[in-house]
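Asker: Residue numbers (the working numbering), protein chains in the order written: chain A, 932 to 1186; chain P, 932 to 1186; chain F, 932 to 1186.
Wrong hints could be hidden among the right ones.
Same chains, same names: a pair is fine if it fits in one copy or spans any two.
[To be verified] Mimicking EDC-like on lysine to aspartate or glutamate, the simulated pairs with C-alpha atoms at most 16 Å apart in a straight line are:
hint : residue 1 : residue 2
1    : Lys987    : Asp967
2    : Lys945    : Asp1098
3    : Lys937    : Asp954
4    : Lys951    : Glu986
5    : Lys1157   : Glu1089
6    : Lys987    : Asp960
7    : Lys1015   : Asp1052
8    : Lys951    : Asp966
9    : Lys1179   : Asp1168
10   : Lys1064   : Asp1168
11   : Lys988    : Asp960
The hints are simulated quantities; they were obtained by calculation from the structure and are not laboratory data. None of these values were measured; they are calculated from a predicted model.
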Amino acid sequence: MKFNNKHVIGKNVKIGNNVKIGDNTIIYDNVTILDDTVIADNCSIGEPLNAYYFEKKYENPKTIIGSGSLIRSYSIIYASNIIKNKLLTGHHVTIRENSQIGENCQVGSYSDIQGDCEIGDNCRMQSYVGVGKGSNIGNYVFLYPFVILTNDPTPPSETIFGVSIGDYSIITTSSVLLPGTQIGKNCLVSANSCVNGKYEEDSFISGNPAKLIGKLSKMPFFNEMKIRHYPWMNNFDRNMPWNIIGYKEWKKKND
Amino acid sequence: MKFNNKHVIGKNVKIGNNVKIGDNTIIYDNVTILDDTVIADNCSIGEPLNAYYFEKKYENPKTIIGSGSLIRSYSIIYASNIIKNKLLTGHHVTIRENSQIGENCQVGSYSDIQGDCEIGDNCRMQSYVGVGKGSNIGNYVFLYPFVILTNDPTPPSETIFGVSIGDYSIITTSSVLLPGTQIGKNCLVSANSCVNGKYEEDSFISGNPAKLIGKLSKMPFFNEMKIRHYPWMNNFDRNMPWNIIGYKEWKKKND
Amino acid sequence: MKFNNKHVIGKNVKIGNNVKIGDNTIIYDNVTILDDTVIADNCSIGEPLNAYYFEKKYENPKTIIGSGSLIRSYSIIYASNIIKNKLLTGHHVTIRENSQIGENCQVGSYSDIQGDCEIGDNCRMQSYVGVGKGSNIGNYVFLYPFVILTNDPTPPSETIFGVSIGDYSIITTSSVLLPGTQIGKNCLVSANSCVNGKYEEDSFISGNPAKLIGKLSKMPFFNEMKIRHYPWMNNFDRNMPWNIIGYKEWKKKND
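Throw the hints in and build the complete structure from the sequences for me.
Answerer: Right, here's the structure in full:
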């Protein structure tokens, strides 16, 4: 009952094989959607930049949505984004202009990626995640609900010090990363922390203001199997490339 | 000017008497909407589960929306939810699959109930409330804006330890309830707290990390009438079943 | 490709010159939209109050949207709001009834202004800002993401003690302002603070619970130019009335 072809398609839009587009969705000019992707109802893909409303000669920049993606309803992806294969979004998501998002990423409902961001492969952003302009996120990074990556060290100003987060790191719910914060690889930030500064690989960071508590791999975080949970890649593989073969085996093959 | 019958109705949809359905709203297969309910514009009721997009033989599970409900615009209620009478929602609400919601509940704008939740009667969730998968919420519970109920004790993992909250408890704004937290009846969590562990009836809980401060009923919280405010049921009755007759009288009748 | 005149316009709607209205947008009865304003797709302007759904003789109160405004898609502005010129909104914004908003204000995506608020000129509310009912916000005030202005001192109750914020003050990300909090002019609240009480002009406020740290203008906050950043008006002028001529010159002219 959906997919009644009641959507609107702009000029120079390239649509791959087996793509489904929902009702009341608009695909703007110069968007490319690769094979096997679903765009649900009430979405806007290639949402025009500000100039569209005011300049007669506005030309929408190119936008690419990778194959095998599922964009859920009421989501808005601005023009000029380059998104690799298998993006999965919740509802009411906003992705502002000029970001690059790697493959197999998830963006939860109500999340807002503010533009000029680089996000690696296999990242999971849950609901209500705010990724400030100019953020740099590695691969296999998890951001939990209400996490916010800020960027202005002296608000308000024109300075943007984006946050960077290394591969495999996890920022848990309601934590604030202050402007210019650098989180290394394999780190964990505990819930409701307020983090500033630079943290090395394998840090466990907690508090408001947050402090380095110690090496994450040495912390007594045990999972249901009663084994040390971190590095988590040994214990979690859903939708990860090491699914079935395990992280160690996969790592060996890929190094 | 709304209610122009410009909506879409699926198969095997049962619609009661005096139901209004807004424009651009979709009611999916196997949804039942009871009498006197209003579904505003741009909603999706019985939103199909993931398999809908990929499986040809997908059959939408049954969904029930109780009588006398008002679902405001841009809200999405997934298939398989069973919701009792008099649900009132804000705008842009998302209720994921497989939850049971009692009667006379309110869910504020941008709130996200993530699925597999049990929510009692007469609960009030305000704006931006995130109720994690597997949460268990009693009756007459208040959740204020940006409250989040989490569930994964070792993120990321497959373990879900849902939060539980007892009858009459109040979780105030921007507080995080960590996985497996158990809040008893008649408790109050102060704003911006980060709560872990198990708390008995009548606890006042505060801080990051949160601590038990003392018995809520002994705390010096006085209202405008200069009387002790908690238990709040003696002092607040808007839209509660003890409206007019008062809590004590109502309680006597119902015990 | 937008602006196909696929919108719905109510009775007694007054639309100025050079106004654009997007597809699937509804303009309800008794709305006035002044010149040069853009209302994007899927918006609702003059959203009717609760009584609309239940009373046959409901009459929508008057709503005014000033000139030169841009309301982005999926935004809802209730009837009875009076909004001056040059409002700029993000997507998925909600502005509830009976507020007054000054000129040249910005309201970011997913922000929720709950009604009965007074907001001055030149304010910037970023994404996910929750402005509680009865708030009173001066001019040139900045509210960063996930900031919430609360109002109920003994939740739940019928008492509303709105928050007030003086001119030029800045509340940074994820901070909670407790009911009745009064922030003077030229103050800064640091990220993830939980603020209660009354603060004089030029305060720097920080922590959970928040404390007065000292005079903001004496704090060692230096910007990229290595000069003291606060008062910020000397160092930031984007979209401000002192743009080009500078704050001091502008102030002299306007005093």
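Asker: Any of the earlier hints contradicted here, and which numbers?
Answerer: 2, 10
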